[in-house]
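Residue numbers (UniProt numbering), protein chains in the order written: chain A, 1 to 225; chain B, 1 to 270.
Because the hints were derived from the structure by calculation, they are not lab data. Beta carbons are placed, not taken as given, at the ideal position from N, Cα and C, and that holds for glycine. Please note that a few of the clues may not be correct.
Computed footprint of chain B on chain A, listed as stretches where at least three residues anywhere in the stretch have a Cβ under 8 Å from a Cβ of chain B [claimed, not checked]:
1. 66–75
2. 182–194
The following label-pair restraints were derived from C-beta to C-beta distances [claimed, not checked]:
3. Gly-78/B / Ile-205/A: 35 to 43 Å
4. Gly-155/B / Ala-202/A: 19 to 27 Å
5. Gly-34/A / Val-14/B: 51 to 59 Å
6. Ala-23/A / Arg-250/B: 25 to 33 Å
7. Gln-59/A / Glu-83/B: 18 to 26 Å
8. Ser-129/A / Met-1/B: 53 to 61 Å
9. Gln-88/A / Thr-253/B: 43 to 51 Å
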Amino acid sequence: MPGLQLEGVANAVLAPLALRVRAGEAVAILGPSGAGKSTLLKIIAGLLPHRGRVVLGGQDLTGTPPHRRGIGYMSQDLHLFPHLTVAQNLHLPLLFHRGTRTARTARVAETLRLCSIAHRADRRPASLSGGERQRAALARALVARPRLLLLDEPFANLDHATRATLWREVDSLRRDLGMTALIVTHDPAEAAALADRSVRIAGGILTERTDTTCSPLMTTPCFAC
Amino acid sequence: MLSALVWLPLVLIVTTILGAVGALVSHLPLPALAEAVSSPETRFAVAMSLRTSLLALGLALALGLPAAWLLARRRFAGKAVIETTLDLPMVTPPLVAGIGLMFLLGHQTPVGGAAQTLGLGLLFSPAGVVLAQTYIATSVIVRSARAAFGAVDPGFATSAATLGVPPLWSFLLVEVPMAGRALLAAAVLGWARALGEFGATLMVAGATRMHTETLPLAVYLNIASGRTDIAIACALTLLALAFALLLAIRLLTAERDNSLRGDADARLAA
C-alpha cells in the first residue's frame, strides 16, 4: 500500500501544510468544526482546487480528476445511491475497473461480508438503520480496494455502543487490508480507536499531536483535546 | 352559504372545460364522428403528429437534458441572461417564434442555405414541423429538467466521482435515475407541447394538406374549409391524447411523492 505525502498544500481555508503518512498507517485529523479538516480531505480526493502537491505512492496527483485517483472517500453524509440496492451500490464502482462479472460479484460479496452487511445486500439504503448505512457506505468505499481511504466523520450521529462496535471492526478491517487511511474526527476517542497517530488542525494550521491523554475506552468525547 | 360560494369558481372553471369538450362531442352524431376519425386525412394527421412529435421529443431530450444539467450544476457568467433567453419560447406567442425561425431558415440566409446544400429542406416540409415542435418542446424540457436535476443533491455525483465513476457515467447511472420520474414527467410535458404545437409550425412548415398536416393544422385547415366533421375528429383526438399525457404526468408525479413518503416512513421506522 502506498504512502501519502502532502507538500505545501493550501487553499483559502488552509495555511500551507505538510504531512507524511506511511504506507499502511492510519492518521486521525482532529480539530474543531470549521478548522479545515474536511477541506483537507476534499483536496486530497481531488474535489477542491489547491496549491501545493498531493503525492500518493510517489505519484503526484495534482491535476488528476477524482475518478482517476484511486482513493476511497466516505463523507459524513454517506450519499449511498438511493435508487440502487446495497449490493448495486458496491457494483457500480467496480464497473469501471478491470475484471470479469464473476470477479466483480465475488468482490462485492467478500466486501459485504467483511463489513458485516451481507444480510442487507438486496435492500435499498432508505430501509437500513443508521449503523447499517454506515457499514454499507464503508463497504462501498472499500470495494475497489483503494490506495488510500479517507473517512470524514465516519460514524457521526450514531449511538455510542454502535460507534464503539464499528470502531473495532473498521480498525481490524483496515489493518487486515493493510490500507493507508486519513480519518477526520472531532472526537479524540474515535481518533485513538481508529488511528495509529493524530494530527490537529485549528484555524487552518496543522500541528502534530503529542499528548496521548485520550483513550478509546472513554465513554464521552474529549472536546478539550 | 359562504362555504358553498368558495366552490363556485372551481365549479365554473370545470364546467366550462367539460362544456367545451361536451359541445365538441355532441356536435356530430356518433356514426359521422366514427367516419371522420377513420378518414384518410384524420389518419394522416394522427400519423404525422405522432411521428414528428416523437422525433421532436428525442431531439429536445438530446439537447435539453445536458443543457438543463449544466444550468443546474454550474455557475457561469451571463447565466441569468441565458436562462431568461431559454424561457422566451415559453412566454412569446409561438407565431412570433415561427416568424423568427422562418426568417432564420430562409433559403437566402446562411443557415437556410447550408441546410439546403445538405439536402435538408427545412421550410414548408415535415422537417420544418419537427424543427418548430423541437423549438417549443426543448424550452419546456430544459425548464422542467433543470428543476429535476437541481433537486438531486450534487453530493451524489461527487460521491460517484470519488468511487471512480467517470463524469458521463455518473450523469447516466446516478443523476438521471435519481431525477428519473421528474425527468419522465418533463419529457411527457414536452411531448404534449410538441403534439399541440400550432403557431410556429404554421409559420415554418406551412399548412399543406396531406403534407405537413399535423392534428392542430388539420383542425385549422378543415374549419377554414368548412369540413367541420374532420376538424372535430382531429380536435377530439388531440384532446384524448392530451388527457392521456396529463394523466401520465399526474401518475408519475404522484408515484414519486408516494415513494418519497415511503422512503421517509422507512427511515423513521428504522
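For each hint, the structure was consulted:
1. 66–75: holds (count 9)
2. 182–194: Coverage by chain B is violated for the region 182–194 of chain A (0 residues, Cβ < 8 Å).
3. Gly-78/B / Ile-205/A: 35 to 43 Å: For Ile-205/A against Gly-78/B, whose Cβ atoms are near 39 Å apart, the range 35 to 43 Å holds.
4. Gly-155/B / Ala-202/A: 19 to 27 Å: 26 Å, holds
5. Gly-34/A / Val-14/B: 51 to 59 Å: Since the Cβ atoms of Gly-34/A and Val-14/B sit about 55 Å apart, the hinted range of 51 to 59 Å holds.
6. Ala-23/A / Arg-250/B: 25 to 33 Å: For Arg-250/B against Ala-23/A, whose Cβ atoms are near 58 Å apart, the range 25 to 33 Å is violated.
7. Gln-59/A / Glu-83/B: 18 to 26 Å: 41 Å, violated
8. Ser-129/A / Met-1/B: 53 to 61 Å: Once the Cβ atoms are compared, 54 Å apart, the range 53 to 61 Å for Met-1/B and Ser-129/A holds.
9. Gln-88/A / Thr-253/B: 43 to 51 Å: The hinted range 43 to 51 Å is violated for Gln-88/A and Thr-253/B, with Cβ atoms some 25 Å apart.
Violated hints, listed in ascending order, are 2, 6, 7, 9; each of the other numbered hints is respected by the structure.
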